[in-house]
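Undergrad: If you want the building blocks of each chain, they are given just below.
Protein chains: 2
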Amino acid sequence: MKFNRRTHTCGELREENIGEKIVLNGWVDTRRDLGGVIFIDLRDRYGITQVVFEPNYNSETHKEGSKLRSEYVVAIEGTVRKRPGDTTNANLPTGMVDVMVDKVILLNEAKTPPFPIQKSGDVNEDIRLEYRYLDLRGEKMQKNLLMRSKMYNSVRNYFNDNEFLEIETPYLMKSTPEGARDFLVPSRIHRGKFYALPQSPQTYKQLLMVSGFDKYFQIVKCFRDEDLRADRQPEFTQIDIEMSFVDQEDIFSMVEGLMVKLFKETKNYELETPIKRLDFHEAMERYGSDKPDLRFDLEMTTLNEVFKDAEFKVFKDALANNGIITGLLAEGCGDYTRNQLDVLTNYVKQLGAGGLIWMRVKEDGLEAPVAKFMSDEEKQGIIDTLGAKPGDLLFIISGSKTQSLSIMGSLRLEMAKRLDLIKPDAKPALLWVTNFPLLEWDEDTKRFYAMHHPFTSPNLNEVDKLDTNPGDVNARAYDLVLNGNEIAGGSIRIHSADLQSKMFDALGISKEEADTKFGFLMNAFKYGAPPHGGIAFGFDRLAMLFANENSIREVIAFPKTSSAASLMDHSPSDVDEAQLKELFIKIR
Amino acid sequence: MKFNRRTHTCGELREENIGEKIVLNGWVDTRRDLGGVIFIDLRDRYGITQVVFEPNYNSETHKEGSKLRSEYVVAIEGTVRKRPGDTTNANLPTGMVDVMVDKVILLNEAKTPPFPIQKSGDVNEDIRLEYRYLDLRGEKMQKNLLMRSKMYNSVRNYFNDNEFLEIETPYLMKSTPEGARDFLVPSRIHRGKFYALPQSPQTYKQLLMVSGFDKYFQIVKCFRDEDLRADRQPEFTQIDIEMSFVDQEDIFSMVEGLMVKLFKETKNYELETPIKRLDFHEAMERYGSDKPDLRFDLEMTTLNEVFKDAEFKVFKDALANNGIITGLLAEGCGDYTRNQLDVLTNYVKQLGAGGLIWMRVKEDGLEAPVAKFMSDEEKQGIIDTLGAKPGDLLFIISGSKTQSLSIMGSLRLEMAKRLDLIKPDAKPALLWVTNFPLLEWDEDTKRFYAMHHPFTSPNLNEVDKLDTNPGDVNARAYDLVLNGNEIAGGSIRIHSADLQSKMFDALGISKEEADTKFGFLMNAFKYGAPPHGGIAFGFDRLAMLFANENSIREVIAFPKTSSAASLMDHSPSDVDEAQLKELFIKIR
Chain W
0 MKFNRRTHTC
10 GELREENIGE
20 KIVLNGWVDT
30 RRDLGGVIFI
40 DLRDRYGITQ
50 VVFEPNYNSE
60 THKEGSKLRS
70 EYVVAIEGTV
80 RKRPGDTTNA
90 NLPTGMVDVM
100 VDKVILLNEA
110 KTPPFPIQKS
120 GDVNEDIRLE
130 YRYLDLRGEK
140 MQKNLLMRSK
150 MYNSVRNYFN
160 DNEFLEIETP
170 YLMKSTPEGA
180 RDFLVPSRIH
190 RGKFYALPQS
200 PQTYKQLLMV
210 SGFDKYFQIV
220 KCFRDEDLRA
230 DRQPEFTQID
240 IEMSFVDQED
250 IFSMVEGLMV
260 KLFKETKNYE
270 LETPIKRLDF
280 HEAMERYGSD
290 KPDLRFDLEM
300 TTLNEVFKDA
310 EFKVFKDALA
320 NNGIITGLLA
330 EGCGDYTRNQ
340 LDVLTNYVKQ
350 LGAGGLIWMR
360 VKEDGLEAPV
370 AKFMSDEEKQ
380 GIIDTLGAKP
390 GDLLFIISGS
400 KTQSLSIMGS
410 LRLEMAKRLD
420 LIKPDAKPAL
430 LWVTNFPLLE
440 WDEDTKRFYA
450 MHHPFTSPNL
460 NEVDKLDTNP
470 GDVNARAYDL
480 VLNGNEIAGG
490 SIRIHSADLQ
500 SKMFDALGIS
510 KEEADTKFGF
520 LMNAFKYGAP
530 PHGGIAFGFD
540 RLAMLFANEN
550 SIREVIAFPK
560 TSSAASLMDH
570 SPSDVDEAQL
580 KELFIKIR
Chain Z
0 MKFNRRTHTC
10 GELREENIGE
20 KIVLNGWVDT
30 RRDLGGVIFI
40 DLRDRYGITQ
50 VVFEPNYNSE
60 THKEGSKLRS
70 EYVVAIEGTV
80 RKRPGDTTNA
90 NLPTGMVDVM
100 VDKVILLNEA
110 KTPPFPIQKS
120 GDVNEDIRLE
130 YRYLDLRGEK
140 MQKNLLMRSK
150 MYNSVRNYFN
160 DNEFLEIETP
170 YLMKSTPEGA
180 RDFLVPSRIH
190 RGKFYALPQS
200 PQTYKQLLMV
210 SGFDKYFQIV
220 KCFRDEDLRA
230 DRQPEFTQID
240 IEMSFVDQED
250 IFSMVEGLMV
260 KLFKETKNYE
270 LETPIKRLDF
280 HEAMERYGSD
290 KPDLRFDLEM
300 TTLNEVFKDA
310 EFKVFKDALA
320 NNGIITGLLA
330 EGCGDYTRNQ
340 LDVLTNYVKQ
350 LGAGGLIWMR
360 VKEDGLEAPV
370 AKFMSDEEKQ
380 GIIDTLGAKP
390 GDLLFIISGS
400 KTQSLSIMGS
410 LRLEMAKRLD
420 LIKPDAKPAL
430 LWVTNFPLLE
440 WDEDTKRFYA
450 MHHPFTSPNL
460 NEVDKLDTNP
470 GDVNARAYDL
480 VLNGNEIAGG
490 SIRIHSADLQ
500 SKMFDALGIS
510 KEEADTKFGF
520 LMNAFKYGAP
530 PHGGIAFGFD
540 RLAMLFANEN
550 SIREVIAFPK
560 TSSAASLMDH
570 SPSDVDEAQL
580 KELFIKIR
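From first to last, the protein sequence lines are chains W and Z.
The opening residue of the first sequence carries number 0 in numbering that gives the first Met the number 0; numbering runs sequentially from there.
The opening residue of the second sequence carries number 0 in numbering that gives the first Met the number 0; numbering runs sequentially from there.
Be aware that a few hints might be false.
Each pair may be met inside one copy or between any two copies, as identical chains are not told apart.
[To be verified] Restricting the straight-line Cα-Cα distance to at most 25 Å, the calculated cross-link-like pairs of lysine-lysine (DSS-like) are:
{"no.": "1", "residue 1": "Lys214", "residue 2": "Lys118"}
{"no.": "2", "residue 1": "Lys400", "residue 2": "Lys192"}
{"no.": "3", "residue 1": "Lys62", "residue 2": "Lys525"}
{"no.": "4", "residue 1": "Lys371", "residue 2": "Lys312"}
{"no.": "5", "residue 1": "Lys139", "residue 2": "Lys214"}
{"no.": "6", "residue 1": "Lys580", "residue 2": "Lys445"}
{"no.": "7", "residue 1": "Lys260", "residue 2": "Lys149"}
{"no.": "8", "residue 1": "Lys192", "residue 2": "Lys66"}
{"no.": "9", "residue 1": "Lys312", "residue 2": "Lys378"}
{"no.": "10", "residue 1": "Lys214", "residue 2": "Lys110"}
{"no.": "11", "residue 1": "Lys580", "residue 2": "Lys378"}
{"no.": "12", "residue 1": "Lys220", "residue 2": "Lys192"}
{"no.": "13", "residue 1": "Lys266", "residue 2": "Lys290"}
{"no.": "14", "residue 1": "Lys525", "residue 2": "Lys102"}
{"no.": "15", "residue 1": "Lys378", "residue 2": "Lys315"}
{"no.": "16", "residue 1": "Lys139", "residue 2": "Lys525"}
{"no.": "17", "residue 1": "Lys110", "residue 2": "Lys525"}
{"no.": "18", "residue 1": "Lys580", "residue 2": "Lys192"}
{"no.": "19", "residue 1": "Lys315", "residue 2": "Lys214"}
{"no.": "20", "residue 1": "Lys66", "residue 2": "Lys525"}
{"no.": "21", "residue 1": "Lys214", "residue 2": "Lys149"}
{"no.": "22", "residue 1": "Lys501", "residue 2": "Lys110"}
{"no.": "23", "residue 1": "Lys214", "residue 2": "Lys266"}
{"no.": "24", "residue 1": "Lys149", "residue 2": "Lys220"}
{"no.": "25", "residue 1": "Lys388", "residue 2": "Lys371"}
{"no.": "26", "residue 1": "Lys263", "residue 2": "Lys142"}
Derived by calculation from the structure, the hints in this document are not laboratory data.
As the structure is a computational prediction, the values presented were derived from the model and not from experiment.
This is chain W alone, in the form it adopts within the complex:
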């Protein structure tokens, strides 16, 4: 299996190479047999070059050429020729030339692939994942992983240029379940004890700030043992960032510089900064989402003021319970049929809404089943507040605040789809969402959970409310949103051991539990912790959006299925009893 190493890649030959003796190595992409002359498109990562087996030129190699099949791996020795007459191919960078084959060495045969290499897009994803090594050979996955590779490089150069240190944090760490579920790793040396894989390097990067490293970044795998949705993987990649002696503004400007560079180097797009900002509470009221898609308008409007004296029981109750009445104007949709409206009503009901109020705007006012429950003043109020015109349709949802706004936010996205509001050439819409609530209440466990994570700093002027009204405290937390997707989230952290204790109190975490789980961090805060903050990007999702794909699996070389399995190597798998014995565990 000796072979002649290539002198050129398959994407390299040009007219200036004409007459040269060259060697190519690659895969047989296609083979055409035209009147005794065999044309093969030879493929490698860099491109395609046409090689020609002509019986008159070399009858020996022509015979061998006739044995080649798709995906065979060959070394070709030959002479570069200008393609005759009108056979040049302007679509191919190498299309002005081809190679007359002097010698062919078969490096490896290939069975017929289970799907055509260049057309795996139509193939069932399970088959693609089983034969991932072939799926990756196709143009799409080659392009996506090449782009992803360039993105790593842009990110790292950016942080290196800005004097960040890349520091690796441990993968075998302590299990501190507070948030998602940990993946556990049994210890062989310490019987009955376990490591956990990191859900994020959060505590480590904060310790690095205590150590004075000042600016840290890492592109790092993280792990969450959650039930997978379409867009999740048990292991995922994070761009992890932390800085000392900063506030929110420093994080924003550092990240905006990164986004400018990434958009320029990956998409050749000149991103304008500063990136727009929106308070969480405003984002919820206007877009019904903490990650609004701003590629289109279609804003929601709160109608509480209009209905402040409402007789209509549904609205009256909503207001009495500190809830919300939110409206959405669908311009020009006044002709929606009853059937269309039923579909939308079902859509919001499935999301948990009690119902959907719709009203057609006519020349003479509002036409709707519920119109009779409203005063003329209220009807005019709706029209004025939403800016409705005859021919428009409008929706109203009322009830508890968060739920009603979220459901209307979903309806907003649904209407955008139906109205085709997101144009293929829409500019990327980036947005900072700020001032998130610090805590969210969980009805099941009757306790507060940290909305971001338990190390997030409350707004400094709201710290006192932690004791009296913790649910109202907002946080120095922020998300970066791209086209309606959260691509990064972060916060200014607590750097005082006292405030951190207070936070654990608010979360109902006892002193003992806090000490067992996070004692080392609280301890570290006592030895001179600087003010610090950071952010983390979901790298897979960012790459997915840059590649215009709908699933992160399209930008991950070897992803798992939604049941966290690999169809290629059949992991997870059985292991030997001896292995378990050494780890002091057995299967229940």
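Position chain Z relative to chain W; hints supplied.
TA: Chain Z alone, transformed into the frame defined by chain W:
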């Protein structure tokens, strides 16, 4: 806890800043109280700046300055001043100026650290690891991790410049114990099944070659659940490289380019290439090691020829059993005392040698207890072959080949230490060791194991011997050695499914077992696998050598102890019964 953000770092102020109003943020490094004036060295990652609290200048801040203690975190507002008279400090880049303090804001207090931040070198390592966040604050660890961060950058830029793709491979993979022990991760979704953490991304990178990615690299964590020696960690970092359509020469020249860049950018040292090469068998005979330290000579010499007709039973037996008689000349050591010689004899005995033959070279021949068993011709043969002169000492060890050579190799290193042969300014000695045996026999399990790994290609002209005499087959494998440390190892891989089967046969791995463990790889080889090969660097060890440290823990931010525990966060730790229940496991 509002604070004034810095306008400058603590390493930045120079004479041109004199008169400027500036803000610094940092830690109190030292405090001196001189005649009522307080001098504080304020420290951050970038350097140290002296700040001055003078009662006449500002009595208010002077009072506050007097409360500051070591490691307090402060924001200082002040005015840059030329240091008066002879108080400039030429050792400090900022030493021409200091800062008259106008205002001080205490950002955080600090308890007295358990050890002085700048003198952690003398501290018990367990204490350093428990308070790692403070240990990392010291100059040494700051310097080491800064260097390591630069090394990542050099490595990645090199591979990006050479058109390698960075591709992430999975951390949750299939357990295929063949070599070291896997760390296992129980699956929650698939009852009784387990993932393994990667010992290396070996199979994945080979699949990427099958996919046509051509040149791959990754800096990646790997995991081995082995009993730890001083220089091992359960998780370690690898620079992982794989290339298609290459042979050994391509790998060598690519890696040599990397080493030139790394030495230049990290050590400002101009490395000369090509790097010296040595056949494994020759390395063993001349240096008694597959990773010889070539910073000094002190070569071993095989004396089999001298003793081919030996009467001396020890030598006669060694030769009869296909063993070796190896000699080492210690120049000028003829005056070693009997006591010194006993110490050396014990040294080799502890390594498993039957004994150590030593001979003093005198004007009138060799003086030694065993001299009487040798003919004059043999004695002269020793002197001639080793080039011994009066006043020298020589050692002979005989027995089975590998063991005797290894033991003499250890004695060579020991003598180098005693003779102080490794000079502090010795040039770094790089070496390729090539042509390793493919297999090594294990007496315990009575089977062959792959010396490198089971995917390593045998020398192509030795493939036939796989059936007849597998122990004699050599491999297309190579190690890169720096100053007696293996820093990288790799091989040209098998890329034919048939040859891979043959290899599994030689290893005594049944078809069923091979199929269960590596079926996906063997399958991939059937669809057009290109010739390929690669190499992997132990990044921790490389960084350790570059930092002139003796332990990889000195270049890892948060290392584990030799019992694989973290003294800082006390992992591994107990976990909740509920967590185990969800994973379908229990503790034995």
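Undergrad: Determine for every hint whether it applies to the structure shown.
TA: Hints, one by one, checked against the model:
1. Taking the closest pair of Cα atoms, Lys214 and Lys118 come within 25 Å of each other only across two copies (24 Å); inside a single copy the shortest separation is 45 Å, beyond that limit.
2. When the C-alpha separation of Lys400 and Lys192 is checked against a cutoff of 25 Å, the pair qualifies neither within a copy, at 45 Å, nor between copies, at 44 Å.
3. In this assembly of identical chains, Lys62 and Lys525 lie within 25 Å of each other by CA distance solely across copies; the values are 23 Å between and 79 Å within a copy.
4. Taking the shortest alpha-carbon separations for Lys371 and Lys312, only the intra-copy value of 12 Å comes in at or below 25 Å, while the best inter-copy value is 117 Å.
5. When the C-alpha separation of Lys139 and Lys214 is checked against a cutoff of 25 Å, the pair qualifies only between copies, where the shortest distance is 18 Å, while the shortest distance within a copy is 36 Å.
6. For a Cα distance limit of 25 Å, the shortest separation of Lys580 from Lys445 across copies, 23 Å, qualifies, whereas the shortest one inside one copy, 40 Å, does not.
7. In this assembly of identical chains, Lys260 and Lys149 lie within 25 Å of each other by CA distance both inside one copy and across copies; the values are 12 Å within and 21 Å between.
8. With identical chains, the CA atoms of Lys192 and Lys66 are never at most 25 Å apart, being 60 Å at best within one copy and 45 Å at best between copies.
9. With identical chains, the CA atoms of Lys312 and Lys378 are at most 25 Å apart within one copy only, with a shortest distance of 16 Å there and 115 Å across copies.
10. In the homo-oligomer, the alpha carbons of Lys214 and Lys110 lie at most 25 Å apart only across protomers (24 Å), although the nearest pairing inside one protomer, at 52 Å, exceeds that limit.
11. For the homomeric pair Lys580 and Lys378, neither the shortest alpha-carbon distance inside one copy (73 Å) nor that between copies (58 Å) is at most 25 Å.
12. For the homomeric pair Lys220 and Lys192, the shortest alpha-carbon distances inside one copy (23 Å) and between copies (22 Å) are both at most 25 Å.
13. In this homomeric assembly, Lys266 and Lys290 come within 25 Å of each other (Cα to Cα) only inside a single copy, at 22 Å, whereas the closest approach across copies is 47 Å.
14. Taking the closest pair of Cα atoms, Lys525 and Lys102 come within 25 Å of each other only across two copies (24 Å); inside a single copy the shortest separation is 73 Å, beyond that limit.
15. In this assembly of identical chains, Lys378 and Lys315 lie within 25 Å of each other by CA distance solely inside one copy; the values are 15 Å within and 113 Å between copies.
16. In this assembly of identical chains, Lys139 and Lys525 lie within 25 Å of each other by CA distance solely across copies; the values are 22 Å between and 52 Å within a copy.
17. Taking the shortest Cα distances, Lys110 and Lys525 sit within 25 Å of each other only across copies (6 Å), while inside one copy they are farther apart (65 Å).
18. For a Cα distance limit of 25 Å, the shortest separation of Lys580 from Lys192 qualifies both inside one copy, at 14 Å, and across copies, at 15 Å.
19. Taking the shortest alpha-carbon separations for Lys315 and Lys214, neither the intra-copy value of 53 Å nor the inter-copy value of 67 Å comes in at or below 25 Å.
20. When the C-alpha separation of Lys66 and Lys525 is checked against a cutoff of 25 Å, the pair qualifies only between copies, where the shortest distance is 17 Å, while the shortest distance within a copy is 74 Å.
21. In the homo-oligomer, the alpha carbons of Lys214 and Lys149 lie at most 25 Å apart both inside one protomer (23 Å) and across protomers (14 Å), since each shortest distance falls under that limit.
22. Taking the shortest alpha-carbon separations for Lys501 and Lys110, only the inter-copy value of 20 Å comes in at or below 25 Å, while the best intra-copy value is 65 Å.
23. Taking the shortest Cα distances, Lys214 and Lys266 sit within 25 Å of each other only across copies (23 Å), while inside one copy they are farther apart (27 Å).
24. Taking the shortest alpha-carbon separations for Lys149 and Lys220, both the intra-copy value of 18 Å and the inter-copy value of 21 Å come in at or below 25 Å.
25. Taking CA atoms no more than 25 Å apart as the test, Lys388 paired with Lys371 passes inside one copy only; the shortest distance there is 20 Å, against 119 Å between copies.
26. Taking the closest pair of Cα atoms, Lys263 and Lys142 come within 25 Å of each other only inside a single copy of the chain (17 Å); across copies the shortest separation is 34 Å, beyond that limit.
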